[in-house]
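K.L.:
Each chain is listed here by its residues.
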Amino acid sequence: MQTTHEMVVNLGPQHPSTHGVMKLEVVMDGEYIVDCKPVIGQLHRGMEKMAEGMLYGQFIPITDRLDYLSPACNNLSYCLAVEKLLGIEAPERGKYIRVIIAEMQRIANHLVALGSWGLDLGAWTILLYTFRDREMLLDLFEMFCGQRMTLNCFRVGGTTYDLPDGFVEKAREFLEVIPSRINDYEALLTKNPIWMTRLRDVGVVSAEDALAYGLTGPNLRASGVKWDLRKVYPYEVYDRMQFDVPVGSRGDCLDRYYVRIQEMRQSCRIVQQALDQLPPGDIMVDMPTIALPNKEEFPNNFPEVVRHFHLLVQGYAPPEGEVYLGYENPKGELGFYLVSDGSGYPYRLKIRSPSFINMQIFPKIMRGAMLADVIAILASFDPVLGEIDR
Amino acid sequence: MWLYQFFYQPGEWARGIYQVMENWAVRIGMGIQWIQLIDMIIVAIILIAFIFLDVMFLTWLERKVAGHIQVRHGPMRTGPHGIIQPVADAIKLLFKEPMALPGVDNLIYLISPLMMFVGAMLIYIVIPFSPGWVVAPMDYGLLFAFAASGLSSFFVMAGGWSSNNKWSLLGGMRAAAMTLSYEVPLILAAIGVALVSGGLSLVGIVESQAGMWNIIRQPLAAVLFLVASLAEMNRGPFDLAEAEQELVAGYLTEYSGMRFAMYYLGEYTHLLAGAALFTTLFLGGWQGPLLPPILWFLIKIHVMVFVYMWIRWTYPRIRIDHLMAFNWKFVLPLALINLGVTGLVLVL
Amino acid sequence: MALGLRDVALVVELLRGLGVTLRHLFKPTVTIHYPTERREVYERYRGLVRWDKEKCAACALCARFCPVKAITIQTDDGEDGKKTVKYYQIDAAHCMYCGLCSEICPVGALSHSPYHELAAYRREDTIYAQERLSGAPPITMYR
Amino acid sequence: MNLCEIGRELERRYDGLVRVVQENPDLVVEVAREKLLEVCRFLKDTPDFEFNFLIFITAVDRVDYLEVVYCLRSMSNFRQIMLKVQVPADNPEVPSLTGIWPAAGFDERETYDLLGVRFSGHPDLTRILLPDDWEGHPLRKSYPVDKRPVRTY
Amino acid sequence: MDGLFYQISFWVLAVITVLSALMVTTMQNLTRGVIFLVFFFLGIGGLYFLMQAEFLALVQVVVYAGAVAVLFAFVIMLTPRVAEREIKQSLNLGAGFILAALFLALVLSLLLGQPWPELAAPGAGTITLGQLGQALLGEYLLPFELVSVVLLVALVGAVVIAGRNAGRGERKS
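Residue numbers (the numbering used here), protein chains in the order written: chain A, 1 to 390; chain B, 1 to 348; chain C, 1 to 143; chain D, 1 to 153; chain E, 1 to 173.
Please keep in mind that the hints were generated in silico from the structure rather than gathered at the bench. One should not assume that every hint holds.
List time: in silico DSS-like cross-link candidates among lysine-lysine, alpha-carbon distance up to 27 angstroms [claimed, not checked]:
1. C/Lys27 with B/Lys64
2. A/Lys37 with B/Lys166
3. A/Lys295 with C/Lys83
4. D/Lys44 with A/Lys364
5. A/Lys364 with B/Lys166
6. B/Lys329 with A/Lys191
All chains, please: the whole structure from these sequences, using the hints.
P.N.:
Structure (structure tokens):
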């Protein structure tokens with residue numbers, strides 16, 4: 001029986017719904033997908049090679065460009081890894097500020113993920129609502145550190161800025177508004193029959209496959225595995241926060257959507273508690289080998305000037321050895337593997353990016369799906385190409 | 001008085017004008033046919049002018065409605081509240097250089113936008129704008145409307161095929177499959193109304209709704225007609241033919257400049273025709289308490305257009321196999337049941 | 001979609017969705033018309049870097065520490081052994097506004113201005129040399 | 001059964017071929033190349049080890065030799081271990097782990113792409129990040145790094 | 001009915017129909033053939049319209065121009081390597097003309113021999129929907145039911161054939 005010949009179609013780097021410059025070489029037979037091969041590398045900037053030529057402190061603004069939808073979490077993950085290498089910890093207030101900003105960044109990230117997902121499936125308005133709510137968060141970030149997207153607000157051993165005075169009130173104001181907005185999204189999407197049939201049992205990932213293929217973050221939890229690094233390794237102050245980890249049951253696109261919506265609500269709870277328990281105190285660890293001296297008493301206090309220059313030219317002197325630390329980035333487990341040879345420059349830095357590893361399962365779950373499903377599955381994994389290509 | 005007659009008895013007013021022209025023709029000895037010809041040409045010009053103006057207004061309305069639903073302004077820069085935006089669009093599209101594409105089957109590539117637009121405009125011949133104003137008061141007006149809309153779906157597919165591009169081929173196939181399978185419930189729902197109002201002629205249907213609008217007598221048919229006409233127009237949750245996120249731009253991918261404008265206007269003419277059909281069938285055409293009938297008709301049409309736009313900007317897109325399953329397993333059985341029940345009620 | 005009768009109840013959800021969009025239709029719009037109305041930035045905003053010639057001690061720490069090497073500086077030792085700056089330039093196209101230079105400058109000669117509309121027609125315009133770096137806002141094309 | 005015991009247990013089982021390199025922040029164990037597959041299966045299958053999650057695979061260029069690094073985690077008892085395999089710099093050849101953990105696929109391709117480590121038995125070992133006709137492996141220390149892009153203006 | 005416009009429109013439609021029929025048969029590129037097929041159906045619909053058989057004209061347009069043409073287009077576009085290749089024309093014109101002439105003679109002889117009844121006055125002859133309905137379900141109920149059975153069989157057959165390779169997507173995985 002003569003079958004219609006298969007069509008090789010490039011869901012190419014330039015395509016409205018590939019969340020960046022990812023190319024999916026899709027072999028299609030009519031509307032059905034026979035095989036699909038992701039091709040990446042368009043946005044490869046060679047960050048790991050750059051890191052070897054930079055001091056530890058200089059690399060922080062580069063981590064903003066990893067997962068450009070959640071820069072604060074990337075900074076935090078890198079700073080935590082270096083702090084684990086140096087064996088130090090940020091002071092109390094520094095920790096709280098970091099948790100507040102990181103959880104706000106998680107909400108902002110999920111808002112973008114949700115908005116672009118709705119847009120990919122044709123629901124235009126949900127994109128505008130989510131971006132309008134994200135605008136409030138971006139204003140808070142701009143108040144805090146001066147930039148909306150590329151924050152570069154954390155340093156090894158603490159944060160550079162303290163919370164500006166109007167910040168806490170504005171954050172509380174945001175926390176009152178956001179639950180009703182999330183209810184709007186749920187009203188628009190969650191029980192909408194078109195949305196449900198579009199996502200129910202599409203791109204199903206069983207728990208074993210999820211673990212075998214190295215899925216992490218909301219995609220892993222949607223398959224029923226209760227694994228959240230904030231609960232397993234509670235660094236910073238996550239152990240003092242009460243929040244529960246939403247877990248899906250079937251591992252299909254609808255569960256991934258459900259997990260992300262609930263995670264937004266949990267992050268609101270965390271920020272609320274963190275704002276309530278915010279202690280006074282300094283924001284940078286006061287170890288002379290790490291923290292920069294403050295600049296007011298510079299002209300006359302000469303040893304401080306020498307230490308300032310020494311720190312900025314030689315950098316920190318971490319002990320020899322290697323360390324790996326994974327952080328619960330909104331997209332999954334973002335980990336940094338640092339090999340140090342004692343000098344101020346890292347000998348080798350490996351970035352374990354969640355979207356890169358999550359993408360391995362695409363060929364397996366997209367076989368037999370339809371073209372419209374490919375877009376839905378791609379959006380449900382919420383990949384960001386900055387992080388995939390590094 | 002003359003103005004009153006224009007608004008409230010448009011039929012007599014039109015005949016009066018025709019009478020004047022006839023006397024004038026007899027006086028200078030011209031044949032009757034020429035007068036009929038001129039009359040036809042004038043009516044055609046008025047109809048086309050109405051369609052073009054209203055479609056322009058529709059494009060502007062769509063942007064404003066989409067804007068305000070999404071809590072933003074919509075066009076504001078061209079004129080107060082972006083009034084001149086449609087003109088700006090038209091000029092831009094006019095001067096855009098149409099691409100000469102390799103491997104494109106030129107004959108079909110050029111004809112399909114034109115025929116799609118013609119198919120969409122044919123529907124207006126049978127729509128009763130107000131008591132006397134129908135271009136062709138046919139007995140089978142309803143059937144003529146569906147014949148015309150069926151025609152334009154063929155040329156959407158032809159356009160998709162001839163632009164020699166994978167995406168538009170997929171878009172064209174989807175469009176054909178969708179419009180064909182949704183034509184059946186569309187006609188069945190309309191026949192439900194024809195049963196209740198007795199007769200297929202649209203003027204008859206409107207007059208039969210003097211007492212109670214059909215939407216009350218045939219609520220289920222109204223919903224089905226709305227859903228099926230959404231699919232027929234490739235709009236709303238059923239806009240699979242030019243699904244930007246999946247097929248780049250569906251069957252419109254390779255079209256640019258004036259050809260794209262033709263398709264674009266065709267789509268909006270379809271939208272207006274769908275809204276007009278819905279009002280004539282279910283909302284009692286030009287029936288209305290004190291306003292002149294023509295105003296009532298325009299208000300109802302634009303309320304329906306707003307509803308179509310409102311639905312489009314709310315829902316995600318449906319998948320092609322769900323679309324088919326939704327039609328054959330849900331919409332069509334309901335339409336048949338509705339037909340059966342109306343038949344029973346009428347007989348008893 | 002195998003819409004059993006249980007799913008007919010979902011039609012109510014469809015109407016709720018419409019309700020949400022209708023409610024938003026009458027909400028005031030949040031967008032501003034950019035070139036005519038402008039949003040003023042917050043006080044800590046990191047815009048174009050502003051350099052103060054008198055304060056600068058020509059230590060070239062900023063040029064050395066900038067991750068993307070956007071600052072080029074040439075110094076020569078002045079008359080009483082105190083180093084002065086011969087030429088100082090920041091390439092606004094390369095700069096990623098990370099704020100590291102203003103943070104580490106020992107004498108606080110570098111600070112951030114609220115200007116972020118730095119597009120230019122020629123590449124040369126994106127390079128801000130000495131005098132353009134202090135005080136006066138750069139030319140903004142669309143007023 | 002904390003980390004140090006795991007290290008000693010592994011050393012006991014594979015006497016000369018496994019050596020604990022570092023313990024304080026993270027347990028790092030050096031494994032001989034031939035024993036790699038066996039150790040990985042052992043870590044994955046034995047009940048009280050259960051390292052069922054592969055975090056990442058990468059390599060470190062120590063100029064005269066290459067170290068291929070595997071990081072494993074056991075989800076049930078929250079432990080993390082790093083395996084290192086020393087490989088000669090001229091022809092770095094290591095057995096591929098895609099059989100045990102499918103998650104190894106992309107990481108191995110990336111390590112091959114950036115560091116030139118060939119993984120025997122990998123389904124399609126091709127460059128993943130760089131264009132296919134790229135010569136050289138950027139993350140090698142020998143790769144020239146000071147070629148700043150020449151400014152064209 | 002015999003006004004000037006009637007004549008003009010009749011001749012215009014007749015020319016369109018004959019021309020597009022010719023184009024359908026002689027056109028090398030099949031997809032263009034389908035387009036002219038649509039124009040052909042429209043032409044015939046128009047002719048019916050002129051002969052006051054409105055219902056038949058509309059059914060012609062809906063059924064033929066709307067659905068059958070799309071069916072042809074689907075068949076041509078979906079079978080691979082059919083639409084692109086130019087169809088080879090066997091050019092023995094001589095035999096063609098002889099056959100055509102013979103056929104024309106036969107048709108003409110039949111036509112002219114018959115006494116054609118004068119066309120009924122305009123407007124009187126149009127069959128109202130009601131009469132049509134009565135006729136279909138009245139005297140001609142049996143043929144109506146037979147035709148519906150035939151259509152049903154065709155429909156079921158189509159579903160069975162299509163159903164056989166429904167799982168096409170999964171089959172290859």
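K.L.:
Does B/Lys166 lie within 27 angstroms of A/Lys364 when you go C-alpha to C-alpha?
P.N.:
Holds - the C-alpha atoms of B/Lys166 and A/Lys364 are around 24 angstroms apart, at most 27 angstroms.
K.L.:
A/Lys37 and B/Lys166 were given as a pair; does the straight-line alpha-carbon distance stay at or below 27 angstroms?
P.N.:
holds, 18 angstroms
K.L.:
Taking 27 angstroms as the top limit, are the C-alpha atoms of A/Lys295 and C/Lys83 close enough?
P.N.:
With a Cα-Cα distance of about 20 angstroms, the restraint between A/Lys295 and C/Lys83 holds, given a limit of 27 angstroms.
K.L.:
B/Lys329 and A/Lys191: Cα distance at most 27 angstroms?
P.N.:
The given pair, whose Cα atoms are some 21 angstroms apart, holds under the 27 angstroms limit.
K.L.:
Check the hint pairing D/Lys44 with A/Lys364 against an upper bound of 27 angstroms on the C-alpha distance.
P.N.:
holds, 23 angstroms
K.L.:
Under the criterion that the straight-line Cα-Cα distance not exceed 27 angstroms, is the pair C/Lys27, B/Lys64 satisfied?
P.N.:
Since the Cα atoms of C/Lys27 and B/Lys64 sit roughly 14 angstroms apart, the hinted pair holds (cutoff 27 angstroms).
Checked against the numbered hints above, the structure violates none of them.
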